[in-house]
Amino acid sequence: VRSVMHKYLEKENEVNFDKIFNQVLGYLLFRDFCDNVSEEPVPHLKFYEE
Numbered sequence: 001v002r003s004v005m006h007k008y009l010e011k012e013n014e015v016n017f018d019k020i021f022n023q024v025l026g027y028l029l030f031r032d033f034c035d036n037v038s039e040e041p042v043p044h045l046k047f048y049e050e
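Mapping of the sequence shown onto full-length UniProt numbering: position 14 corresponds to residue 14, and the numbering continues sequentially without gaps.
Don't read these hints as lab results, they were simulated from the structure.
Just so we're clear, the structure is a prediction, and the values are computed from it rather than from any experiment.
Hints are not guaranteed to be accurate.
[Claimed, not checked] Listed next, the in silico EDC-like pairs over lysine to aspartate or glutamate satisfying Cα-Cα at most 20 Å (straight line):
{"no.": "1", "residue 1": "K7", "residue 2": "D18"}
{"no.": "2", "residue 1": "K46", "residue 2": "D35"}
{"no.": "3", "residue 1": "K46", "residue 2": "D32"}
Start from the sequences and build out the full structure, keeping to the hints where you can.
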């Protein structure tokens, strides 16, 4: 997933700290939500972490 995101950001000339940090921060917040708040299991999360 990381390499796909990086290729997309390169294509859009968006490879900068702010953009990458916001993407990573968004993912971490989503993962925290899935682990701690969501009552439904989110099996897709393990797929994206591999």
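Fill in: Contradicted hints - numbers only
none
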